[in-house]
Each structure stands twice: as C-alpha cells, then as structure tokens.
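*Asks:* Residue numbers (numbering that gives the first Met the number 0), protein chains in the order written: chain P, 0 to 867; chain H, 0 to 273.
Warning: the hint list may mix true and false statements.
What the hints assert, rightly or not - Chain P side only, calculated, beta carbon under 8 Å to chain H, not exhaustive:
{"id": "1", "residue": "Ser562"}
{"id": "2", "residue": "Arg565"}
{"id": "3", "residue": "Arg586"}
{"id": "4", "residue": "His690"}
{"id": "5", "residue": "Pro700"}
{"id": "6", "residue": "Arg703"}
{"id": "7", "residue": "Glu739"}
{"id": "8", "residue": "Leu745"}
{"id": "9", "residue": "Pro746"}
Claimed, not checked - Examples of chain H residues lying across from chain P (beta carbon under 7 Å, computed):
{"id": "10", "residue": "Gly51"}
{"id": "11", "residue": "Ala212"}
{"id": "12", "residue": "His223"}
{"id": "13", "residue": "Ala237"}
Unchecked claim - So these bits of chain H aren't anywhere near chain P, every CB distance computed over 10 Å:
{"id": "14", "residue": "Thr49"}
{"id": "15", "residue": "Leu59"}
{"id": "16", "residue": "Ser70"}
{"id": "17", "residue": "Arg75"}
{"id": "18", "residue": "Ile114"}
{"id": "19", "residue": "Glu224"}
{"id": "20", "residue": "Glu240"}
{"id": "21", "residue": "Arg273"}
Quick caveat, the hints were computed from the structure, so don't treat them as lab data. Beta carbons are placed, not taken as given, at the ideal position from N, Cα and C, and that holds for glycine.
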Amino acid sequence: MSASPPDPLPAPAHCHAMRVRPAPSQEPTGRQGVWIDDLPLPSTGPLAERRRATELARPARTPRRVQLRYADGLSDLIVVAPRRGPHRAAAPPAPAPAPAWGLADDGPETAFSVLLEHEGDEASWLTALAVTLRRYDPDTQPVIGTDQGEFTVEPAATLGESKPSLASGPALAGLLFGNPVDGSGLGEGGVEGEYVPCLAPPFPLTVSVFRDSGGLRLRCDHRSSHVSADIAAQFVRHLVHVHQQVLHAPQTRMDDVELLDEAERTRTVALGRPPRALATTPMSVTEAFARVVAATPDRIAVTDGEAGLTYRELDERATQSASRLRALGVTGGDRVGVCLERSAELVVTLLAVLKAGATYVPVDPAYPADRLAHTARDAELGVVVTRLPGFPSVAGCVQVTPDELFDEAAAASGTSLPHPSPDEPAYVIYTSGSTGRPKGVVVPHRNVIALIDATREEYALTGADVWTWFHSSAFDFSVWEIWGCLLTGARLVVVPYFVSREPDRFRDLLVAEKVTVLSQTPSAFAQLLEVDHTEVGVRVVVLGGEPLDARVLLRWFDRHPESACRVVNMFGITETTVHVTEQTLTRKLALATTRSVGRALPGWHLYVLDQYGRLLPPGVAGEIYVGGSGVALGYLGQEELTAQRFLPDPFTGGPMYRSGDLGRLRPDGRLEHLGRIDSQVKIRGFRIELHEIRSVLLEDPQVRTAAVVVRRDDPADAATARIDAYVVLSPGADPTTIRERAAGILPDYMLPATVSPVDTLPLTPNGKLDTTKLPPVGRPPAPGNAVPARAATATDDLTAPLTEIWSDILGVPVGPDDDFFELGGNSLFAVRITAALRTRGLPPLRLRELYRHPTIRETVASLRTLDG
Amino acid sequence: MRLQGKSVLITGAARGLGRTAAVACAAEGADLILLDICADLPGVPYPLGTPGQLEHTAALCREAGAAVLTSEADIRDLRAVREAVTRAEDRFGRIDVAVNNAGIAAPSGKPVHEIDEDEWSLMIDVDLSGAWRVVREVGKAMSARRAGSIVNVASTAGLVGYRHFAGYVAAKHAVIGLTKAAALDYAPTKVRVNAVCPGSVRDDERAEGRMLAEIAMALEVPVHEHEKTFAAAQPMNALIEPEDVAAAVVFLASDESRQITGSVLTVDGGFSIR
Numbered sequence: 000m001s002a003s004p005p006d007p008l009p010a011p012a013h014c015h016a017m018r019v020r021p022a023p024s025q026e027p028t029g030r031q032g033v034w035i036d037d038l039p040l041p042s043t044g045p046l047a048e049r050r051r052a053t054e055l056a057r058p059a060r061t062p063r064r065v066q067l068r069y070a071d072g073l074s075d076l077i078v079v080a081p082r083r084g085p086h087r088a089a090a091p092p093a094p095a096p097a098p099a100w101g102l103a104d105d106g107p108e109t110a111f112s113v114l115l116e117h118e119g120d121e122a123s124w125l126t127a128l129a130v131t132l133r134r135y136d137p138d139t140q141p142v143i144g145t146d147q148g149e150f151t152v153e154p155a156a157t158l159g160e161s162k163p164s165l166a167s168g169p170a171l172a173g174l175l176f177g178n179p180v181d182g183s184g185l186g187e188g189g190v191e192g193e194y195v196p197c198l199a200p201p202f203p204l205t206v207s208v209f210r211d212s213g214g215l216r217l218r219c220d221h222r223s224s225h226v227s228a229d230i231a232a233q234f235v236r237h238l239v240h241v242h243q244q245v246l247h248a249p250q251t252r253m254d255d256v257e258l259l260d261e262a263e264r265t266r267t268v269a270l271g272r273p274p275r276a277l278a279t280t281p282m283s284v285t286e287a288f289a290r291v292v293a294a295t296p297d298r299i300a301v302t303d304g305e306a307g308l309t310y311r312e313l314d315e316r317a318t319q320s321a322s323r324l325r326a327l328g329v330t331g332g333d334r335v336g337v338c339l340e341r342s343a344e345l346v347v348t349l350l351a352v353l354k355a356g357a358t359y360v361p362v363d364p365a366y367p368a369d370r371l372a373h374t375a376r377d378a379e380l381g382v383v384v385t386r387l388p389g390f391p392s393v394a395g396c397v398q399v400t401p402d403e404l405f406d407e408a409a410a411a412s413g414t415s416l417p418h419p420s421p422d423e424p425a426y427v428i429y430t431s432g433s434t435g436r437p438k439g440v441v442v443p444h445r446n447v448i449a450l451i452d453a454t455r456e457e458y459a460l461t462g463a464d465v466w467t468w469f470h471s472s473a474f475d476f477s478v479w480e481i482w483g484c485l486l487t488g489a490r491l492v493v494v495p496y497f498v499s500r501e502p503d504r505f506r507d508l509l510v511a512e513k514v515t516v517l518s519q520t521p522s523a524f525a526q527l528l529e530v531d532h533t534e535v536g537v538r539v540v541v542l543g544g545e546p547l548d549a550r551v552l553l554r555w556f557d558r559h560p561e562s563a564c565r566v567v568n569m570f571g572i573t574e575t576t577v578h579v580t581e582q583t584l585t586r587k588l589a590l591a592t593t594r595s596v597g598r599a600l601p602g603w604h605l606y607v608l609d610q611y612g613r614l615l616p617p618g619v620a621g622e623i624y625v626g627g628s629g630v631a632l633g634y635l636g637q638e639e640l641t642a643q644r645f646l647p648d649p650f651t652g653g654p655m656y657r658s659g660d661l662g663r664l665r666p667d668g669r670l671e672h673l674g675r676i677d678s679q680v681k682i683r684g685f686r687i688e689l690h691e692i693r694s695v696l697l698e699d700p701q702v703r704t705a706a707v708v709v710r711r712d713d714p715a716d717a718a719t720a721r722i723d724a725y726v727v728l729s730p731g732a733d734p735t736t737i738r739e740r741a742a743g744i745l746p747d748y749m750l751p752a753t754v755s756p757v758d759t760l761p762l763t764p765n766g767k768l769d770t771t772k773l774p775p776v777g778r779p780p781a782p783g784n785a786v787p788a789r790a791a792t793a794t795d796d797l798t799a800p801l802t803e804i805w806s807d808i809l810g811v812p813v814g815p816d817d818d819f820f821e822l823g824g825n826s827l828f829a830v831r832i833t834a835a836l837r838t839r840g841l842p843p844l845r846l847r848e849l850y851r852h853p854t855i856r857e858t859v860a861s862l863r864t865l866d867g
Numbered sequence: 000m001r002l003q004g005k006s007v008l009i010t011g012a013a014r015g016l017g018r019t020a021a022v023a024c025a026a027e028g029a030d031l032i033l034l035d036i037c038a039d040l041p042g043v044p045y046p047l048g049t050p051g052q053l054e055h056t057a058a059l060c061r062e063a064g065a066a067v068l069t070s071e072a073d074i075r076d077l078r079a080v081r082e083a084v085t086r087a088e089d090r091f092g093r094i095d096v097a098v099n100n101a102g103i104a105a106p107s108g109k110p111v112h113e114i115d116e117d118e119w120s121l122m123i124d125v126d127l128s129g130a131w132r133v134v135r136e137v138g139k140a141m142s143a144r145r146a147g148s149i150v151n152v153a154s155t156a157g158l159v160g161y162r163h164f165a166g167y168v169a170a171k172h173a174v175i176g177l178t179k180a181a182a183l184d185y186a187p188t189k190v191r192v193n194a195v196c197p198g199s200v201r202d203d204e205r206a207e208g209r210m211l212a213e214i215a216m217a218l219e220v221p222v223h224e225h226e227k228t229f230a231a232a233q234p235m236n237a238l239i240e241p242e243d244v245a246a247a248v249v250f251l252a253s254d255e256s257r258q259i260t261g262s263v264l265t266v267d268g269g270f271s272i273r
C-alpha cells in the first residue's frame, strides 16, 4: 500500500486504483505482460474531487505512477508500477546526482526526437546506452532505469558480448522501450492526445523508443538541472551512432566504439580553435625590440625605484653587454644563466643575452643551491650572470656580475650583432612539474612574438600602458610581463620582492606609478583585494598561473566595474609559451563561479582527447592538448620525454603538447580547466574535487579566501588521507560555524577534517599558493630552546605586547632573544604578527624589518629607531 | 508586457530585492532608474551596495531590453534624491513608478534602552525618511500628470513586532503609515501608494542579497541554520524568494492594480496570519 497516495480520505466511491507490476521474469527482453491488482482507494465527495483534480494536474511524483482518467470522467485509474518488482520496498530512490558532463544549467527542458532506421531490441538499446554513458564518464558504473528495474551492462571485450544485468543505485538515464500500454487496452478511449510514456520524464535523462504514426522514433527528455539541452542533443546523436554499431558491428571491441561521426569530429576540432585568426610576422625578440626603440627611443622603458631607463638607454646597455658576452666566448645558440633579483639590470641582461644570439636561462636567486647547480649543469651553462656570492661553482661555468658586462663610460660603444632567427630558442625556463627533477622548456623567439601579436589588439596594448613586473624571472608569467610590455613600447615597473609580498605597499606602487596592465596569480590578486584597492587605476588585469575561483573577483568588481577595468583569466602552460586561452570575466560569471578559462588565443588551438587520443565531445572530461603558435621546441636534453609530450597534431600536422591537465570543452568552445590529471585525489574511493570544496567554503559570507589541501598522516598509506581547509575570514567572523555550514552542503567524504583560520595564505616565489607553508593543523610543538622564565621579564610598553603577540601566534612561550624562524616562524606568521600589531595600534612593522631582526629585542630596537 | 513604456525608479537597486525587482520590471518592458548609495554607512555593521553591483544590476536590466539610468545617491540626502529624480525626468520625460526599496536592517539586535541616539536616528533616517524623500520628490510631478504608482517595500516588521529590532520595526510601521496617508493625499489625482510586506526572503546568491543573514547575525541565530529557522516561522514552511516579492511589486506598479491604493500586500508565506 505504500505506493498508493498517502492522504487519508473518506469512504470509496467512483474511484479505484490498479497496481501494475511486472511479470516474475527479470529478463528485460522477456516481458511477459503485466499483473494488475485492484486496490481499494477511498474517494468520494468534494474532498475526493479535489484530490482527483490535484492528482491529475500534478506531474507524476514517482517515475512509475501514471494517472489516467476514465471515459466517464468520474473515476480515476491510477496505475502504479513498482520500480523493482513486487517484493521490493517502494521507497522512492534518491535521485541520481547531476553528472559533470551534463553541464547543467537553468535552461528550458526540451525533448529531442529523432527518426530511427533500425529498431533493435531493448537489450541492444540498453547496451548502447551503457556504452555511451561509460564513454561519457568512465569512472561511474552506468545504471539505467527501465520498467523492470535498474540494469547495467558490464564491460565486455566486444559489443556483441555485452549483456545487460540487474544493477542497483540511482539511475541517471532511463530507457522506456516500446509502448507498454499499447495493445493492453488500458490506454484506449480514456486518454486524450498523444501517448507519451510518462507524464513527467521519470529519469534525469529519459530515452524512449517507440513507434508512432510517423514511424520508429527515439525521444529523449532531459532535466536541465542534470543535462543541458546542448548536451542532451549531442547525447542522442552519440547514442544512435553507438546503437548502429551494436546492431551492425557486434564484433567491435569495446574500446573501438566511436561516439563521433566524421562530421562531428570536424565540428569538435573547430570548436577548439580561436574565434579570431592570428596575424603575426615571425621575427626575433631583438628585432621586434629594435623596432620599438626606433619608434620611441626616448620613452621610459623600465622604472626601477627611482631609476629609469629609456628605450634607447636600455638598448645601448644591452648592446654593450652583448658585446662583452661575446667577448667571454658566448656564441649563437649558447645558453647563458641569469640569476638576478628583479631589477632594471636584469632586463638589460636578458636583452643582452638575446642580442648576443644566445638563449637566456633565468634562475631565481632564492632557489636552494642544489637547484641552482642542477640548472647550471643541466642547461650546460657556459656563463652565469649573477651577484649571488653563493652561486654554486659548476665545472665549465663562468660567473660574471652585471657590472663586469657593463661599463657606464662606454655605454654607446657596443656594436650591434645580427638578429637571431625567429626559430632560435629565446629562453629556457625550468618547470618543476609534479614528478622528477625540473626540466628545461625551450621556447623560440617566434612564440614570444606570436603571444604579443595574439593579445596586442584585443587588449589594446600600446606605448601608453604601464605594466608591473611582479613575478620571478624563473616563472614564465614574467615572459608575458617583460616582453608584453617592452615589445608594445610600454613602461615596465619593477616590483621589488618585499613590495610584492606586502599588499598595501604594492597597492601604493600601483597607484603611484599609474599602472594600467596588471598581471597576477589569483593567489597574489586575492591578497591585493584584502587591502583598500579603490584608488588602483588599472584597465586590464590578467590572471594566470593557477586555477581561479571566480567568486573572489566580486570584491574587485565592487570597486572596479567591468566598464572601468577588464579582468581576463588566462590558462597557460610553460610548454606552450605562457598562455593558451583567454576568458574575460564579468560579475555575472563570477556570481556563477565559472570554471571557464575561455577559448584559445589566436594562433593557439586545443583539443580534449581521451586516453586513446580520440576527440571527446563537449562536456566530457579528458586531457587537454595544445597546438599552434605557442608550442615549445621541447625539453632541453630530454629527447625521450620530449617525444612523449610533444606529439604530432593528428588534425592539422605540426606539433601539439600533451598537457597532463584535465579539461572539458563547452558547446561554445570555451574550455573548463579541471586541474592536473596526476593530482586527482581519491578519498575512501571517492574522487574528490578540491575546487568544489573550496568553492563551498567561499560561498560562506564569512570567508574571504580559502585553500584546501589533502594530507596523509602516513605518506605511504592512502587511507590516512585527510582534507584540511584554511580560510581567511571577514572581520568579526566566527570560525566555528564555517565547518558546520559546509557540513550541511558537502557529502561527508568531502568535508574537511579541519578548517583553520589564517590571516593570509602563503605564496611561493612565483606567487602561487604555497601548500608547504600552510601551518600544520593544531599548534606547532614547542621547540626546546624556548625558556618560559625569560618571557616573564618583558615589561616595557613594546616588549610586553610583542612577546604576547609572538607567543600567541607562534603558540609557544617566547623570550626576547628567541629567533623567530627557530620558533617555527614563517612568512605567514610574520604577516599575522604585523596584522596583530596594527590591530593593537602599535607602530607598524614591515616584514622586511622582522626578517632582518628576527628576535623581539631586535625588533623592539628597530621599531624605536623607526619611531624616532 | 505589463509595464511597457513605463519608467520605474528603484532605490537600493545594487543587489538583493532591489536588483530582482529591477530585472522583473525590465522583463515587463519598463525602463529603469536605479539608485543606490554605493558606499558603506558608518553605523551599519555590514557592507552596503557597491558601484560594481549597481552596474551589474543595470547590465542585467539592459540584457532584458530596458534603457537604464544609474545614480549613486544616498536617500538620506534630499538634494541627492532630487538630483536623481531630475536626471531621470530629463532622460525619460517622467517617472511612472517609484519603488522605495532601500533600507537597512541593522544596527539592531538589542533592547530599546541600549539603542543610542545615533543608531535610532540612522535607522529612521534611512528606512522611513528615505522613503518619504522619494515620495516627496516624485509625488508632485505624478500628481500633476494624474498618474503614477508608488510602491513602498515595508516588511512584516511593519505589521508585528520583533524582539530587539525596535528601530527597524518602528520605521517599517511608519512606512505603512506613510503609505496610507500619502495614498489619501494622492487619491484625488489617481496616484496610487501601496506597501509590500515581505517575510523572510532568501538571500539569493545571484542577487547578492544578504539581509536575512544580517538579521540572523543581529539576532545571533547561527548563520548555517538561519534559513531553516526563518522558514519554520512561516506557515508555508519555506523562505520567500526575491522573485515572489518582485512579482508583487510588478503587480502594484502595473495598471492591473489601478483601483488599489493604500493597501498593504503581504508576501510572507502566511507569517502574519496568526
């Protein structure tokens, strides 16, 4: 009785219900007919009338219930078919979750109908459905609902060997085959209009195969909350295509089943192309630079603090330094290491290396010695330009300082060398990747030129612009910053390291220098958003380098509407020359927490392919491959690895790069970036999308930014994996409620074990989130050298509060001479200490001062000096 | 199109109910004049609308086909209101509908004797006098044209009391008083004045609403369960969607309600029945 309407109603009259149940057979193909039980159903009077009207008006609440009206108009026939045979409980199953490939939206729920040429039987359609679903989502067992319960099709060697078997679980897709009411007489006379197998599509994706006056038909109803109209239409095409293979090529191996026909392959290839074509003339960076110098020799090229260089000065210095490099034996094709802090002389040096016909290999002076040595050896550097006294000595590698390359008195004495060929390497940048040692990516001159030409017009980049140089030269985002600026004749403002780490100082610099083009990693940008940024007057923000949670941009849009400043997210890879795609962001997209990174840049193109290298249709996740003008020459000295990652483009010829990134195309050609394939995380067997967890945390009005990491208590034991979240809170927020709220939204396997409030998220030298610097969960253990007795001696007006703040933040007792770093301090704690000083109205302490004077006694002394 | 050819002025239009009502009016063919303070107010414990949010509302209305004028105006400032109205009349020739939507829910959350003079004045100045200033500035021209509709967004707090919300409740009761008195003033000239009393409206993410969360904060209802708490207080056991209130606004703005004036339309899921 549990399947009949639950309302308690008065005595029966003119109304009864019938329960239809399947024959005992469990074979979907062996339908025996239906059993009909007569159920007394109380119904009379005005109440019953109301109920009847209600039932008729309402779409079926459960999939298997259909209401019909008798011809006399007075009685109901309620046909209630149990979902799983007569003996199973009739509790409605939980609805299937929306599949990621469905690209659910709030669009209209349309039905797609196609004429079929070949009917097949229920089993062939089940097989086709299961194979198609598995291709759309290989990680999930396809469960297909039918009149007879749920079925699946286990993977078999060939299509012909595939047989449906009973399954359980919520069904995303359903198959309604034939017309079960036809011929039984139930449907005649009483039902008006066209027969539809159900009043409301019982499954999120309902496929009905039936015959009507027009012939044999397949109809697909979809819920937009699960599958968008575009994807549903495409799914129907693929299903029919697969079904033809089931019928006519049963010997086809499962892996060889094709989803796309030739026409759709062509369309999908075109989808990964940019909407605009690239107009570029291959040339070297030095030649392009020479043109800018000739056009605007007296315009300022680089601002470095108080100092500035005009284009002419920059050109002359670089030419002279290039001559010196030549004199040191550097010849065309050599690689020259450059290990300098961000500065005007670094720009001079990079340009000098290129002018000497050589390839620059930037290394960050902050790198550990063994990484410096590895790079010097791996790149076979003959010369390294550095001021680092501790640069490791490597056999065959000469170290010179920029001073040795440049003599002010003889600035104009250098002789210009011929420009290198556009196909020559311009730089080698080492990327860590997730496995193995860093590898050098070799990028030729023409790629850099193509990058500038791909963006110049779209973003109206001109000599009137002012760019920041925020990122380490060893991070290829700086290639964009330096050459994007200098090859469009703009002014490059060097952002010193300490300024790049202090959002309020950085804000002041952006305002003072009237910066117009700002390039940032989302993590660094989020820090800028923490301070008042109203006065910042940039007109273009280019985000790149790591995944973006678009919601954090709302605070930017609050002060800088889209009409005043364009915000662009660019997905990029070092191996494809900085950027690949561009997505202009709007408040609307930010509110919708878009994951789109947009379409390919002019000259670049991309594919999403499965593990066999086949094109995947929109919606379906696969590996991102990038072809076109940005593809690098390969990895330095690693032919095997180069051959694995740089493959011939099967669709256009030329090389394409296999990114190792997961993504999906949208039907409009925009790419969604889904993270690294090798960092896909599973917890208790569930695939975890860390960005989803982060996104839920960010929806909390109390949370400003968030980071989510997976940690293992025992690195060797996957079972000890645990999700830890870190959040930066709005003022006055209550940290205890964050996790409680998330618990109401996230399934328990996705719920972070801990949610720790932090004052700011730590960044790597490249400006990306530095997960290694996130504080351990809970308090750090007290180091042995902290002596509590000494703490008690602090009494004066600065020492006492400082001691209290340090102890509080570091979680250990602190004495006046304890070293901040030895107590477990890091940049994160440093930021928190400076914030705490501000909160208490104490004199401001620059991070730089804290690093220089890492004890309380020294800090107090330095504060007093600054005060005086 | 129920508001075809009408120009509708909405205050507090940067986000929340104001945004939703603006988009609903645009979808019915209206042109919009969108006002918002676009700045934080000292004394209000939460951030108010921003220029970016106001621009986004305008963009959504334009997408729906409306001509839109935006104005960053503080309704505490009669001159600012007058300037916005003048600009709107210059641009659209007249204002057919004014929706007094701007309002603040806090400073609240304490008994009457703990409210200080500034807090009390601020609440009355924004929630009551702000509506009066708009009525004052649009009423004359509407009367002269012998057409127009004014919709005051009050609250169920204009019908019943809420503990620890004296300023808000007093202001909203007074908005209903203003509605009735103004309705009588303007009835001879066919200008209608009505009030809408929303119950607990869900903070819609797309609309960037935050009123309910702020009320929860003032009442110290735990943020993660406040929706359930507020929904349970409404007999229909659901929160009001901003679109539900916008529908009432559109009705009172349109000529469908031409014989309705001085009325108070509750959109509260039955909250005020008992």
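*Asks:* Let's test the interface hint: is any C-beta of chain H closer than 8 Å to that of P:Glu739?
*Replies:* 5 Å, holds
*Asks:* Should the interface hint for P:Arg703 be scored as holding, given a Cβ-Cβ cut-off of 8 Å against chain H?
*Replies:* 12 Å, violated
*Asks:* Let's test the interface hint: is any C-beta of chain H closer than 8 Å to that of P:His690?
*Replies:* 17 Å, violated
*Asks:* Does P:Arg586 pass the interface check with chain H, least Cβ-Cβ distance below 8 Å?
*Replies:* Interface hint status for P:Arg586: holds (4 Å vs cutoff 8 Å).
*Asks:* Please check whether the beta-carbon of H:Leu59 is more than 10 Å away from every beta-carbon in chain P.
*Replies:* 8 Å, violated
*Asks:* With 7 Å as the cut and Cβ atoms as the points, is H:Gly51 at the interface with chain P?
*Replies:* 4 Å, holds
*Asks:* Hey, is H:Glu240 genuinely clear of chain P, shortest beta carbon separation above 10 Å?
*Replies:* The claim holds: H:Glu240 sits with its nearest Cβ about 13 Å from chain P, beyond 10 Å.
*Asks:* Is the interface hint satisfied for P:Pro700? The criterion is a beta-carbon contact with chain H at less than 8 Å.
*Replies:* 6 Å, holds
*Asks:* Could you let me know if the closest chain P CB is still more than 10 Å away from the CB of H:Arg273?
*Replies:* At roughly 24 Å from the nearest Cβ of chain P, H:Arg273 sits farther out than 10 Å, so the non-interface label holds.
*Asks:* Against chain H, run the beta carbon of P:Leu745 and see if the smallest gap drops under 8 Å.
*Replies:* 12 Å, violated
*Asks:* P:Ser562 was flagged as interface toward chain H. Is the shortest Cβ-Cβ separation under 8 Å?
*Replies:* 6 Å, holds
*Asks:* If we take the beta carbon of H:Arg75, is the closest beta carbon in chain P still more than 10 Å away?
*Replies:* 21 Å, holds
The structure shown violates the earlier hints numbered 2, 4, 6, 8, 9, 13, 14, 15, 19.
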